[in-house]
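J.: Just so we're aligned: the sequence shown equals residues 1 to 301 in UniProt numbering.
Hints should not be assumed to be uniformly reliable.
Said to hold, decoys possible - If you anchor each label on the Cβ, the simulated ranges turn out as follows:
#1 Val288 to Arg79: 29 to 37 Å
#2 Leu132 to Leu48: 22 to 30 Å
#3 Ala169 to Arg79: 20 to 28 Å
#4 Asp88 to Leu54: 25 to 33 Å
No wet-lab data here; the hints were simulated from the structure.
Computed from a prediction, not measured in an experiment: that's the story for all the values here.
By construction, the Cβ of each residue, glycine as well, lies at the ideal position given by its N, Cα and C atoms.
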Amino acid sequence: MMTVATPLLPPADWRDFLALTKPRVMTLVVFTGLCGMLAAPVGIHPVLGFTAILCIALGAGAAGALNQWYEADIDAKMRRTQKRPLPDGRMDRESALHFGVGLAAFSVILMYFAVNFAAAAILTVSILFYVLIYTVWLKRRTPQNIVIGGAAGAFPPLIGWAAATGEVALLPLLLFGLVFLWTPPHFWALALFVKTDYANAGVPMLPVVAGERVTRRQIGLYTIPMALVAVLPWPLGLTGPLYGGVATVTTAIFAALALVVATRTTRPDDMMKPEKRLFSYSILYLFVVFGALVVDRWVFA
Numbered sequence: 001m002m003t004v005a006t007p008l009l010p011p012a013d014w015r016d017f018l019a020l021t022k023p024r025v026m027t028l029v030v031f032t033g034l035c036g037m038l039a040a041p042v043g044i045h046p047v048l049g050f051t052a053i054l055c056i057a058l059g060a061g062a063a064g065a066l067n068q069w070y071e072a073d074i075d076a077k078m079r080r081t082q083k084r085p086l087p088d089g090r091m092d093r094e095s096a097l098h099f100g101v102g103l104a105a106f107s108v109i110l111m112y113f114a115v116n117f118a119a120a121a122i123l124t125v126s127i128l129f130y131v132l133i134y135t136v137w138l139k140r141r142t143p144q145n146i147v148i149g150g151a152a153g154a155f156p157p158l159i160g161w162a163a164a165t166g167e168v169a170l171l172p173l174l175l176f177g178l179v180f181l182w183t184p185p186h187f188w189a190l191a192l193f194v195k196t197d198y199a200n201a202g203v204p205m206l207p208v209v210a211g212e213r214v215t216r217r218q219i220g221l222y223t224i225p226m227a228l229v230a231v232l233p234w235p236l237g238l239t240g241p242l243y244g245g246v247a248t249v250t251t252a253i254f255a256a257l258a259l260v261v262a263t264r265t266t267r268p269d270d271m272m273k274p275e276k277r278l279f280s281y282s283i284l285y286l287f288v289v290f291g292a293l294v295v296d297r298w299v300f301a
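Sequences and hints are given; from them, build the entire structure.
T.: As structure tokens, then:
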């Protein structure tokens, strides 16, 4: 009996490996990690600081690669992810797996030997949390995937602070809480206007399993504690008035946009402008708040 050989995929391009790391997501991860490091009360040697940020970037890239390796079947069913290297057939899954594991191991080992144990330990937890807890366990099982899984993206400020100080303190824990509580409104705003993609892939995102009204209400509810945590470092005396003013104003804008989304009851099928505005602003919001933290520390230190 004749057998038909499976055609081999051509060698993946370097741009395909870069795409595996989710560079757009990595940008925010690296920025919050850098801000956590620069906001620390002690300085860090520039070479060690660069190494720490490099390790955060590599760790985030490794988590993104392993996420795409595990979710290749889901990505193939969603329009916004069909052109990723694995579903598009530009790379085999084994290469993605080896790349992700190797990158993760290298980032943790380098962080441990070049920086300190605390930063390496938190980096390890963040990678494992994103891959095992969020990607493998939660993503396909529960609409609370983003709520619990949001912790994965909240670790970088802790890692950056630990890289500089070798320990964890209240301020980076509040920054962790800010990103953790920011994640559900941010991702649910996205999920509202791409819910068809998630439904086609069988991913139980909140708009798919509970409907738009519940999702909108949850966006509003999660914005309340997020707003409190965002401003809290100022009255606690952990930051100066510059951070307090910027955090108050930008969080008020976030809350106003979230309120519009939360209170919408009807909409034309092709009009999701409030949701898109909230999603876009939420990214800018985190950059501005964390940037204000660093400037505030430089001014009032």
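J.: Each hint: holds or not?
T.: Going through the hints against the structure:
no.: 1; hint: Val288 to Arg79: 29 to 37 Å; result: 31 Å, holds
no.: 2; hint: Leu132 to Leu48: 22 to 30 Å; result: 29 Å, holds
no.: 3; hint: Ala169 to Arg79: 20 to 28 Å; result: 43 Å, violated
no.: 4; hint: Asp88 to Leu54: 25 to 33 Å; result: 28 Å, holds
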